[in-house]
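Asker: Each chain, written out:
Protein chains: 2
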Amino acid sequence: MVKLMHIVFATGNKHKVEEAQHILLKKDITLTQINCGYPEIQADELEEIAVYGAKWAAGYVKQPVIVDDSGIFIEALNGFPGPYSAYVQYTLGNKRILKLMENEKNRRAIVKSVICYCKPDEEPTTFPGLIKGTITHSERGTHGFGFDPIFKVNNKTLAEMTIEEKNTISHRTKALQKFAEWYNR
Amino acid sequence: MVKLMHIVFATGNKHKVEEAQHILLKKDITLTQINCGYPEIQADELEEIAVYGAKWAAGYVKQPVIVDDSGIFIEALNGFPGPYSAYVQYTLGNKRILKLMENEKNRRAIVKSVICYCKPDEEPTTFPGLIKGTITHSERGTHGFGFDPIFKVNNKTLAEMTIEEKNTISHRTKALQKFAEWYNR
Numbered sequence: 000m001v002k003l004m005h006i007v008f009a010t011g012n013k014h015k016v017e018e019a020q021h022i023l024l025k026k027d028i029t030l031t032q033i034n035c036g037y038p039e040i041q042a043d044e045l046e047e048i049a050v051y052g053a054k055w056a057a058g059y060v061k062q063p064v065i066v067d068d069s070g071i072f073i074e075a076l077n078g079f080p081g082p083y084s085a086y087v088q089y090t091l092g093n094k095r096i097l098k099l100m101e102n103e104k105n106r107r108a109i110v111k112s113v114i115c116y117c118k119p120d121e122e123p124t125t126f127p128g129l130i131k132g133t134i135t136h137s138e139r140g141t142h143g144f145g146f147d148p149i150f151k152v153n154n155k156t157l158a159e160m161t162i163e164e165k166n167t168i169s170h171r172t173k174a175l176q177k178f179a180e181w182y183n184r
Numbered sequence: 000m001v002k003l004m005h006i007v008f009a010t011g012n013k014h015k016v017e018e019a020q021h022i023l024l025k026k027d028i029t030l031t032q033i034n035c036g037y038p039e040i041q042a043d044e045l046e047e048i049a050v051y052g053a054k055w056a057a058g059y060v061k062q063p064v065i066v067d068d069s070g071i072f073i074e075a076l077n078g079f080p081g082p083y084s085a086y087v088q089y090t091l092g093n094k095r096i097l098k099l100m101e102n103e104k105n106r107r108a109i110v111k112s113v114i115c116y117c118k119p120d121e122e123p124t125t126f127p128g129l130i131k132g133t134i135t136h137s138e139r140g141t142h143g144f145g146f147d148p149i150f151k152v153n154n155k156t157l158a159e160m161t162i163e164e165k166n167t168i169s170h171r172t173k174a175l176q177k178f179a180e181w182y183n184r
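Protein sequence lines, in the order shown, are assigned to chains A and B. Numbering that gives the first Met the number 0 applies: residue 0 is where the first sequence begins, and numbers increase by one. Numbering that gives the first Met the number 0 applies: residue 0 is where the second sequence begins, and numbers increase by one.
Please note: incorrect hints may appear among the correct ones.
As the list claims (entries may be wrong) - Restraint ranges, calculated between C-beta atoms of paired labels, are given here:
# : chain 1 : residue 1 : chain 2 : residue 2 : range
1 : A       : Ala75     : B       : Glu103    : 17 to 25 angstroms
2 : A       : Glu103    : B       : His136    : 18 to 26 angstroms
3 : B       : Asp43     : A       : Asp120    : 27 to 35 angstroms
To be verified - Derived DSBU-like pairs: lysine-lysine, alpha-carbon spacing no greater than 35 angstroms straight-line:
#  : chain 1 : residue 1 : chain 2 : residue 2
4  : B       : Lys94     : A       : Lys104
5  : B       : Lys61     : B       : Lys173
6  : B       : Lys25     : B       : Lys177
7  : A       : Lys94     : B       : Lys131
8  : A       : Lys13     : A       : Lys25
9  : B       : Lys131    : B       : Lys15
10 : B       : Lys98     : A       : Lys155
11 : B       : Lys118    : B       : Lys13
12 : B       : Lys104    : B       : Lys131
13 : A       : Lys15     : B       : Lys98
14 : B       : Lys155    : A       : Lys98
15 : A       : Lys104    : A       : Lys131
16 : A       : Lys131    : A       : Lys25
17 : A       : Lys104    : B       : Lys104
18 : A       : Lys131    : B       : Lys94
19 : A       : Lys25     : A       : Lys155
20 : B       : Lys94     : A       : Lys98
21 : A       : Lys98     : B       : Lys131
22 : B       : Lys26     : B       : Lys61
23 : B       : Lys15     : A       : Lys98
24 : A       : Lys94     : B       : Lys98
25 : B       : Lys94     : A       : Lys155
26 : A       : Lys94     : B       : Lys104
27 : B       : Lys13     : B       : Lys177
28 : A       : Lys15     : A       : Lys94
29 : A       : Lys98     : B       : Lys104
30 : A       : Lys94     : B       : Lys155
31 : B       : Lys61     : A       : Lys118
32 : B       : Lys94     : A       : Lys94
33 : A       : Lys61     : B       : Lys61
34 : A       : Lys131    : B       : Lys98
35 : B       : Lys118    : A       : Lys61
36 : A       : Lys98     : B       : Lys98
37 : A       : Lys118    : B       : Lys118
38 : A       : Lys104    : B       : Lys98
39 : A       : Lys131    : A       : Lys98
Just so you know, these hints were derived from the structure itself, not from any lab. Every residue gets a Cβ at the ideal spot worked out from N, C-alpha and C, and that includes glycine.
Can you build the whole structure from these sequences, using the hints too?
Answerer: This is how it looks when you write it as structure tokens:
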């Protein structure tokens, strides 16, 4: 019989939990979601935001937690929208991002996720994962959410991939797998 | 002899201190700048960011403080860039904001500042100030900073006004004056 490990995932986002549970169960780790509303700070680096949140959440729930912070960084836009991807998605949306990119030849972008693990009163550990790709000229595909329809890898947008297909290459998968290997070490 | 009141302004921004000192001295309040690097959280409302920062800063410096949070809210862009105005200014800049606004007929925008006063272990008080204006079709003027060249009030951009002229109508002046009246009450 396999002994299952257990960890609290501090997040308000159900979809992140489902995605993470799917990935971590293969590594014998189960998750409980706690929506404790930890403060997300303003910072250019996802690591900084995840570390602040994980410390706060671990102190608040008084047990070890993981948090996730993710974003898309567009090279021609100096990394915009980066840590503010969720805010930019619901204010500007993909059509306006494409408008900003209209005359840009450099279409390189990175989608990144940082998982941060923290025990109460201990220093946190971060696990980054990323995918390199490019920004399309139009929205393509119906799967996923957020920037998925305008971010392509090998000529297929994340929204043109099934969940399983996306999960095999995703930034969050990479970050979670790094975390799981370290956690099970 | 007038008795001067004194308060700590928690900010990393020298220009904000100079501007505030100029306004508050007329109300017999002097300032000391402390750059304590309080955490700025991600939130849609400036009030929330200022309150979190002021509580933290008051606890950190162990005396009453004020903090300021400001931003420009463009109606056609669902309030973007709002609390992330500084980040958007150094990643996208004014030219790209104008590109986003190219075909927008609704050019209304609000420039807002929130001053938050907090004593250690007490609940903070906030003082908002705002200017209503519109987004121009091109950059105009050389004074000021940030979004000043693309935000106009009565057909003059903030960057076409002298500092004195801007100070008589500014969002930060309004917020600071409200604070001063309350502080001297």
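Asker: Does each hint fit the structure? Answer for all of them.
Answerer: The hints, checked one at a time:
{"no.": "1", "hint": "Ala75(A) to Glu103(B): 17 to 25 angstroms", "result": "holds, 22 angstroms"}
{"no.": "2", "hint": "Glu103(A) to His136(B): 18 to 26 angstroms", "result": "holds, 21 angstroms"}
{"no.": "3", "hint": "Asp43(B) to Asp120(A): 27 to 35 angstroms", "result": "holds, 32 angstroms"}
{"no.": "4", "hint": "Lys94(B) to Lys104(A)", "result": "holds, 17 angstroms"}
{"no.": "5", "hint": "Lys61(B) to Lys173(B)", "result": "holds, 27 angstroms"}
{"no.": "6", "hint": "Lys25(B) to Lys177(B)", "result": "holds, 13 angstroms"}
{"no.": "7", "hint": "Lys94(A) to Lys131(B)", "result": "holds, 27 angstroms"}
{"no.": "8", "hint": "Lys13(A) to Lys25(A)", "result": "holds, 19 angstroms"}
{"no.": "9", "hint": "Lys131(B) to Lys15(B)", "result": "holds, 20 angstroms"}
{"no.": "10", "hint": "Lys98(B) to Lys155(A)", "result": "holds, 28 angstroms"}
{"no.": "11", "hint": "Lys118(B) to Lys13(B)", "result": "holds, 22 angstroms"}
{"no.": "12", "hint": "Lys104(B) to Lys131(B)", "result": "holds, 16 angstroms"}
{"no.": "13", "hint": "Lys15(A) to Lys98(B)", "result": "holds, 34 angstroms"}
{"no.": "14", "hint": "Lys155(B) to Lys98(A)", "result": "holds, 28 angstroms"}
{"no.": "15", "hint": "Lys104(A) to Lys131(A)", "result": "holds, 16 angstroms"}
{"no.": "16", "hint": "Lys131(A) to Lys25(A)", "result": "holds, 25 angstroms"}
{"no.": "17", "hint": "Lys104(A) to Lys104(B)", "result": "holds, 28 angstroms"}
{"no.": "18", "hint": "Lys131(A) to Lys94(B)", "result": "holds, 27 angstroms"}
{"no.": "19", "hint": "Lys25(A) to Lys155(A)", "result": "holds, 26 angstroms"}
{"no.": "20", "hint": "Lys94(B) to Lys98(A)", "result": "holds, 13 angstroms"}
{"no.": "21", "hint": "Lys98(A) to Lys131(B)", "result": "holds, 26 angstroms"}
{"no.": "22", "hint": "Lys26(B) to Lys61(B)", "result": "holds, 24 angstroms"}
{"no.": "23", "hint": "Lys15(B) to Lys98(A)", "result": "holds, 34 angstroms"}
{"no.": "24", "hint": "Lys94(A) to Lys98(B)", "result": "holds, 13 angstroms"}
{"no.": "25", "hint": "Lys94(B) to Lys155(A)", "result": "holds, 31 angstroms"}
{"no.": "26", "hint": "Lys94(A) to Lys104(B)", "result": "holds, 17 angstroms"}
{"no.": "27", "hint": "Lys13(B) to Lys177(B)", "result": "holds, 21 angstroms"}
{"no.": "28", "hint": "Lys15(A) to Lys94(A)", "result": "holds, 24 angstroms"}
{"no.": "29", "hint": "Lys98(A) to Lys104(B)", "result": "holds, 16 angstroms"}
{"no.": "30", "hint": "Lys94(A) to Lys155(B)", "result": "holds, 31 angstroms"}
{"no.": "31", "hint": "Lys61(B) to Lys118(A)", "result": "holds, 28 angstroms"}
{"no.": "32", "hint": "Lys94(B) to Lys94(A)", "result": "holds, 18 angstroms"}
{"no.": "33", "hint": "Lys61(A) to Lys61(B)", "result": "holds, 27 angstroms"}
{"no.": "34", "hint": "Lys131(A) to Lys98(B)", "result": "holds, 26 angstroms"}
{"no.": "35", "hint": "Lys118(B) to Lys61(A)", "result": "holds, 28 angstroms"}
{"no.": "36", "hint": "Lys98(A) to Lys98(B)", "result": "holds, 8 angstroms"}
{"no.": "37", "hint": "Lys118(A) to Lys118(B)", "result": "holds, 31 angstroms"}
{"no.": "38", "hint": "Lys104(A) to Lys98(B)", "result": "holds, 16 angstroms"}
{"no.": "39", "hint": "Lys131(A) to Lys98(A)", "result": "holds, 21 angstroms"}
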